[in-house]
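Engineer: Kindly produce the complete structure, drawing on both the sequences and the hints.
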Amino acid sequence: MPGIEDLYREIILDHYRTPRNRGELPPPAVYSEGNNPLCGDDIRIYLDVADGVVRDVKFSGQGCSISQSSTSMMTVAIKGKTVAEVQAFVRRFKHMMTLADNDEPVDEAINLGDIEALQGVVKFPVRIKCATLGWNTLLEALAEAIK
Amino acid sequence: MVGANTAFDAAVIRRDFPVLAQQIDGKPLVYLDSANTSQKPNIVIDTMAKFMRESYAPINRSAYTLAANATELYESARNSVAKFINANNSREIVFTKNATEALNLIAFSWGRANLQRGDVVLLTHMEHHANIVPWQMLQQERGIELRWVPLTSDFQLDLSSLPTLLIGAKVFSFTSMSNVLGTINPVEKLCSAAHTAGAIAIVDACQSVPHSPTDVQAWGADFAMFSSHKMCGPSGLGVLWGREALLEAMPPFLGGGNMISEVRLDGFKCAELPAKFEAGTPAIAEVVGLGAALEFLNGVGMANIRQHEIAMSSYVLEMLTGRFGDDITIHGPRNPELRGATFSFAFRGIHPHDLSQVLDQSNVCVRAGHHCAKPLMKIIGANATARASFYLYNTTADADALADALDSASDIF
Ligand SMILES: Cc1ncc(COP(=O)(O)O)c(C=O)c1O
Numbered sequence: 001m002p003g004i005e006d007l008y009r010e011i012i013l014d015h016y017r018t019p020r021n022r023g024e025l026p027p028p029a030v031y032s033e034g035n036n037p038l039c040g041d042d043i044r045i046y047l048d049v050a051d052g053v054v055r056d057v058k059f060s061g062q063g064c065s066i067s068q069s070s071t072s073m074m075t076v077a078i079k080g081k082t083v084a085e086v087q088a089f090v091r092r093f094k095h096m097m098t099l100a101d102n103d104e105p106v107d108e109a110i111n112l113g114d115i116e117a118l119q120g121v122v123k124f125p126v127r128i129k130c131a132t133l134g135w136n137t138l139l140e141a142l143a144e145a146i147k
Numbered sequence: 148m149v150g151a152n153t154a155f156d157a158a159v160i161r162r163d164f165p166v167l168a169q170q171i172d173g174k175p176l177v178y179l180d181s182a183n184t185s186q187k188p189n190i191v192i193d194t195m196a197k198f199m200r201e202s203y204a205p206i207n208r209s210a211y212t213l214a215a216n217a218t219e220l221y222e223s224a225r226n227s228v229a230k231f232i233n234a235n236n237s238r239e240i241v242f243t244k245n246a247t248e249a250l251n252l253i254a255f256s257w258g259r260a261n262l263q264r265g266d267v268v269l270l271t272h273m274e275h276h277a278n279i280v281p282w283q284m285l286q287q288e289r290g291i292e293l294r295w296v297p298l299t300s301d302f303q304l305d306l307s308s309l310p311t312l313l314i315g316a317k318v319f320s321f322t323s324m325s326n327v328l329g330t331i332n333p334v335e336k337l338c339s340a341a342h343t344a345g346a347i348a349i350v351d352a353c354q355s356v357p358h359s360p361t362d363v364q365a366w367g368a369d370f371a372m373f374s375s376h377k378m379c380g381p382s383g384l385g386v387l388w389g390r391e392a393l394l395e396a397m398p399p400f401l402g403g404g405n406m407i408s409e410v411r412l413d414g415f416k417c418a419e420l421p422a423k424f425e426a427g428t429p430a431i432a433e434v435v436g437l438g439a440a441l442e443f444l445n446g447v448g449m450a451n452i453r454q455h456e457i458a459m460s461s462y463v464l465e466m467l468t469g470r471f472g473d474d475i476t477i478h479g480p481r482n483p484e485l486r487g488a489t490f491s492f493a494f495r496g497i498h499p500h501d502l503s504q505v506l507d508q509s510n511v512c513v514r515a516g517h518h519c520a521k522p523l524m525k526i527i528g529a530n531a532t533a534r535a536s537f538y539l540y541n542t543t544a545d546a547d548a549l550a551d552a553l554d555s556a557s558d559i560f
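Residue numbers (the working numbering), protein chains in the order written: chain A, 1 to 147; chain B, 148 to 560.
These are calculated hints, taken from the structure and not from any lab test.
Keep in mind that the hints are not guaranteed to be accurate.
Unchecked claim - Cut-off 30 Å, straight-line C-alpha distance, at most; resulting in silico cross-link-like pairs (BS3-like, lysine-lysine):
id : chain 1 : residue 1 : chain 2 : residue 2
1  : A       : K58       : B       : K317
2  : B       : K317      : B       : K244
3  : A       : K58       : B       : K521
4  : A       : K129      : B       : K244
5  : B       : K174      : A       : K123
6  : A       : K129      : A       : K81
7  : A       : K129      : B       : K174
8  : B       : K525      : A       : K129
9  : A       : K58       : A       : K129
Structural biologist: Now the structure itself:
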């Protein structure tokens with residue numbers, strides 16, 4: 001059995017205990033809602049995109065340490081990036097979670113920083129959905145924002 | 148040992164279950180997810196293997212001896228099921244894929260034949276999705292009205308409004324025991340209330356049939372269903388019981404082989420009960436396996452199992468609240484007589500997913516999530532809970548292992 005310490009790395013627990021960018025954004029910011037049907041977790045991503053740049057991002061909802069910390073770290077990482085950069089960043093993350101679509105090129109040079117700590121989740125396949133919930137929801141919000 | 152009957156010993160029964168004998172990383176497996184699905188005793192595994200090695204053949208279709216013998220074994224299991232729940236006769240026993248399919252069968256066969264726009268189907272706030280969604284599908288199709296029996300603060304059905312809710316109802320469909328709260332419902336009383344109002348009574352018996360003696364005639368129910376896999380039998384098999392006259396009057400559900408007595412280019416005639424509702428090749432080996440499971444359960448004694456689980460409930464409730472006090476919230480009745488040994492709980496603010504992950508390090512298997520009862524989860528104010536459920540093979544040592552593992556979870560978060 002893989003060790004639990006691979007899953008609950010300190011940086012993950014830190015973002016779980018003290019989530020960054022928790023809250024909501026008023027319109028014209030868009031939001032998208034994601035659910036993990038397995039466990040009933042839900043998450044909302046609020047996104048303020050202007051001139052092709054993510055100006056602000058916040059999240060709300062309930063979830064386990066993995067989904068909450070993954071989303072928290074994601075919000076920190078994407079703020080200030082262009083839409084194209086965010087999309088490439090998400091692809092890089094999903095690639096790490098072994099979920100990348102093979103047809104889409106992944107830029108291995110992108111540095112995930114703290115988010116690398118989530119790599120251990122791959123050893124616990126049922127938890128991959130927890131780690132990616134916020135990211136998939138972000139993609140939906142992004143699509144909404146650039147519509 | 149807990150249990151009123153000295154002949155009953157869960158620690159001995161446990162030895163019949165090979166899965167439970169294994170050690171992982173030198174520690175025993177603590178299986179507390181039987182409300183989800185139960186483990187299988189040797190007699191079920193061996194009977195199915197022997198059947199597939201020596202006797203496997205199609206049923207109802209061929210004249211050769213092998214097939215005739217397989218048919219006999221299959222039908223003998225049906226007789227065992229009829230006796231096990233005290234059905235009037237074995238024509239009232241229909242084998243389905245699982246309890247979910249049985250509920251769909253009722254909603255779409257009986258429901259389509261008997262329910263029109265505006266007709267009322269009464270459900271409760273503690274139903275499994277299997278007893279909600281088929282009715283919602285029928286609501287979309289037919290415009291029927293769904294009503295709900297609410298809960299009291301101590302996790303019982305609030306029966307004060309029952310007569311009002313039943314006014315004009317054609318169906319009252321409810322669970323005999325909540326798979327989340329553990330609450331055991333007063334089935335006889337609910338069936339009788341349904342009939343007084345002119346409604347039929349459908350009992351989702353998934354959580355009670357494996358754990359206590361069942362008498363569908365004493366219940367006064369019209370339909371009941373349960374799954375083989377929760378009662379030591381194989382998966383892929385469910386049972387629908389219905390009053391013969393009702394089943395007789397219903398149109399078929401799935402069409403195909405086995406369910407017809409005649410097919411021509413211009414139409415078909417249904418087979419007699421129960422074949423009418425068993426279209427296609429059934430789960431033959433699984434039915435034989437369920438027969439073995441019933442033999443096993445009868446050998447242990449359903450009343451003994453119920454007594455054991457009452458004793459386990461007392462132990463678990465006292466031990467967990469004694470050790471953890473306000474750090475644990477158990478969503479369910481306190482009185483062991485009014486509940487099964489299924490406990491949904493919240494612990495020290497740790498998310499159930501994280502909790503079950505940490506418990507897994509100690510080989511303690513609990514379910515985390517919404518338990519296919521999302522409306523109920525909303526009502527008790529939880530997105531998810533952890534759930535530990537005990538069965539005939541669980542001992543107080545399993546309960547203690549759960550508590551020890553909970554302690555270790557606090558260290559991480
Ligand atoms: C109360 C209740 N009803 C229905 C079901 C559905 O059973 P199955 O999944 O075997 O069809 C379950 C099983 O989880 C249950 O607990």
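Engineer: Assess, step by step, whether the Cα of K58(A) is no farther than 30 Å from the Cα of K129(A), and give holds or violated.
Structural biologist: 20 Å, holds
Engineer: Quick one, are K58(A) and K317(B) close enough, alpha carbons at most 30 Å?
Structural biologist: 48 Å, violated
Engineer: Check whether the Cα positions of K174(B) and K123(A) lie no farther apart than 30 Å.
Structural biologist: 21 Å, holds
Engineer: Under the criterion that the straight-line Cα-Cα distance not exceed 30 Å, is the pair K58(A), K521(B) satisfied?
Structural biologist: Cα-Cα ~26 Å, so holds.
Engineer: Hinted pair, alpha-carbon criterion (30 Å max): K129(A), K81(A). Please report holds or violated.
Structural biologist: 24 Å, holds
Engineer: Measure nothing beyond the straight line between the CA atoms of K129(A) and K174(B); if it is 30 Å or shorter, mark the hint as holding.
Structural biologist: 29 Å, holds
Engineer: Is K317(B) close enough to K244(B), meaning Cα to Cα at most 30 Å?
Structural biologist: 26 Å, holds
Engineer: Please work out if K129(A) and K244(B) have their alpha carbons no farther apart than 30 Å.
Structural biologist: 28 Å, holds
Engineer: Under the criterion that the straight-line Cα-Cα distance not exceed 30 Å, is the pair K525(B), K129(A) satisfied?
Structural biologist: Between K525(B) and K129(A) the Cα gap is close to 22 Å, so the pair holds against 30 Å.
In terms of the numbered hints stated before, the structure departs from hint 1 and from no other.
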